[in-house]
Amino acid sequence: MAGSSVAGMIVGTVFIIIFASATVTLVENVNKAQEASKVELPNPELTLAYANWTWVELDGEGNIVYTITNTGTETVNIDHIFLSKDGGEPFSCSTLTWDSSPATYIFPGETIIATESGLDAGDDDLNDNPQIVFLAVFEYSLAVSVT
Amino acid sequence: MGDGPSEMIMLMTGLIVAGLVSAVLLSTWDTMSQGLESQGELEIKDAKTRASLISDPSAISWDNTNDIATIFIQNSGTISLSIDDTYVFLDGNSMSVSAVDAEGVTWSKGVAIKFQIESSTDLTFVDEEEVFLSVGVSSLTTSPTGTYSLTEVVRLDV
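Sequence lines, in order, name chains G and W.
Here the first sequence is numbered in my numbering, starting from 1 and rising by one per residue.
Here the second sequence is numbered in my numbering, starting from 1001 and rising by one per residue.
Isolated chain G (complex conformation) (with noise of 0.2 angstroms):
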């Protein structure tokens, strides 16, 4: 009888260990896949409220003067904002003209101008007198017309 309780005992422990085991490593990966719920992706929100199409004569070109806000909770680094005209290639913020230098950076609340000139006035491409901007930053995207 001695002979069967210790094997009984050995084979309750046993398993009592595989189990316990088992619970911990369970708890452990319900607590990985839980992460992959916490991943935070980028989540700008901009406006552009404005982009106003001007004819500089002297210079025989025109410009566009572009007003951006930050409308959401993130900063937002200028250079992964893009914008295109008309359909045209997307073009980074970051290669134009701000009214505040060195503007890196967008921050929540914060309204930034800036300047796209060269621009031809006849109508012969697509920097000729725009009529939308389109605007993409991540997974935000808006469109406006140019006034």
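No lab work stands behind these hints, which were simulated from the structure alone.
Since this is a predicted model, take the numbers as computed values, not measurements.
Note that CB positions come from ideal geometry on N, CA and C, so glycine has one too.
Treat each hint with caution, since some may be false.
Cβ-Cβ distance ranges computed for the label pairs, FRET-style [as the list claims (entries may be wrong)]:
id	chain 1	residue 1	chain 2	residue 2	range
1	W	Thr-1142	G	Ile-18	28 to 38 angstroms
2	G	Ala-143	W	Ser-1094	28 to 38 angstroms
3	G	Ala-33	W	Asp-1085	20 to 30 angstroms
4	G	Ala-33	W	Met-1008	44 to 54 angstroms
5	G	Asn-43	W	Ser-1149	13 to 23 angstroms
6	G	Ala-20	W	Val-1153	51 to 61 angstroms
7	W	Thr-1142	G	Asn-31	20 to 30 angstroms
8	G	Phe-91	W	Thr-1028	51 to 61 angstroms
9	W	Thr-1142	G	Ala-33	16 to 26 angstroms
10	G	Val-27	W	Ser-1096	40 to 50 angstroms
11	G	Val-30	W	Asp-1127	49 to 59 angstroms
12	G	Thr-23	W	Val-1153	43 to 53 angstroms
13	W	Val-1153	G	Ile-16	49 to 59 angstroms
14	G	Phe-91	W	Ser-1094	22 to 32 angstroms
Assemble the complex: chain G is given as a structure, and chain W must be docked to it using the hints.
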């Protein structure tokens, strides 16, 4: 003393059975644990892998003669993406994808890559036709490889 040998047999039998059962269960659990761990790591990698179309979807230029379009994709995730592993479907058609001016570029967070997409079969669209554009990207690091795909309706400017 009369019970000695039978008790010893019972003890040994118990130990052997317990050893065999525990070995099988531990092995099975180890496999399950590794599987769950890999799945968790893959989910985290997938969550960090993102991309977005930054070309104006209302005016994607399409060349009916050469069956070519150009799109810009931005890395909107938190880890670097593999430029070479990008795939694109336009209106359900598999496109060959080649990055433009991307030699030596690391496709890190926020970086936009210009892709020229070309169909090997003749595709003819009419101006302002609206089609589905699907783009798939993979993380630069592997083991595991994070993947993400996006599908958007785009209007073609032919």
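Taking each numbered hint in turn, which are not upheld by the structure, reported in ascending numerical order? none
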